[in-house]
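J.: Could you slot chain P onto chain R? The hints should help.
There are 2 protein chains.
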Amino acid sequence: MTMPDREQATHRKAQGYRWEGVEERPYKDDARALFKSITRQVLFSHPDMHGELRYFELAPGGFSTLERHEHMHAVLILRGGGHCLVGEQVKRIDQPDLITVPAVTWHQFRATAAEPLGFLCMVNAARDRPQLPSPDELARLTSDVKVAAFLNGEPPRG
Amino acid sequence: MTMPDREQATHRKAQGYRWEGVEERPYKDDARALFKSITRQVLFSHPDMHGELRYFELAPGGFSTLERHEHMHAVLILRGGGHCLVGEQVKRIDQPDLITVPAVTWHQFRATAAEPLGFLCMVNAARDRPQLPSPDELARLTSDVKVAAFLNGEPPRG
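Heads up: the sequence lines are chains R and P, in that order. So for the first sequence, the numbering used here puts the first residue at 7; every next one is plus one. So for the second sequence, the numbering used here puts the first residue at 7; every next one is plus one.
For reference, chain R alone in the conformation it holds in the complex (with noise of 0.2 angstroms):
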């Protein structure tokens, strides 16, 4: 044993954004969600913290799942750029733009470009489960020309 494990806690170095010690899972657990090309690492979850840090990944092409929930989401990007819906806006994103998604708001993020999108997320550790559109939600989503555009994937250029 080199390092105690409250050494290895402490200090997590990276190497292309993948953390020492820290697991990389699939995106989500959940058979109804629709999602392409994304990863999760948990960077910080601790019993004494009120939130937790999550870390991102999508592939080029890849995207999260379009939903929304109670809780908020506190987004920095931190590899790359792509678009997001948030509400009814699309939008062009940077490293290392902020973006916040507030409560029930439906949203998606998008690796457009042709490099990784990979992003910070901070939420409440106690939080509700994702909603996903009904057939209903999604007609009304789909109304405006450049949620459709940007959900098939064809977001606006520039």
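Where hints are given, some of them may not hold.
Since copy identity is lost for identical chains, a pair holds within one copy or between any two.
As the list claims (entries may be wrong) - Below are the DSSO-like pairs computed for lysine-lysine, each with C-alpha atoms no more than 27 angstroms apart in a straight line:
1) Lys-152 with Lys-19
2) Lys-97 with Lys-34
3) Lys-19 with Lys-97
4) Lys-152 with Lys-42
5) Lys-42 with Lys-97
6) Lys-97 with Lys-152
The hints are simulated quantities; they were obtained by calculation from the structure and are not laboratory data.
T.: The following block gives chain P in isolation, referenced to the frame of chain R:
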């Protein structure tokens, strides 16, 4: 008005680690505390979030206050590198390493390279005030030659 308030708050673009609409503040307002060449931006702080995310940036040679407190720090190096003290451990840190500062643990960050050191720090929104070392505690800390060298601005090479 080209952009409603809601829109501004949802997406903050950055230029050189300065975020739109985020005030660059003095590191702290505490006349007791020793620190140098460090600024603070509060990236996320919201009544519905139980955690806060702050960005601190130290110019070369800068350092944060040597302090401890009941609340934990969850740190991710966002820019550059340097050294930190956590407990009795002096560590070389680089983007994007993770550092956990456990409860009631002396700590300090130093920009020991010829580049700024910028880091994110997640904390509980509700937290106690930092404590500064007494002369006795400082004497105990500096009885370790590596810690003394660090606090004197001379961290180990390599």
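J.: Let me make sure I understand: some of the numbered hints might not hold for this structure. Which ones are they, in numerical order?
T.: none
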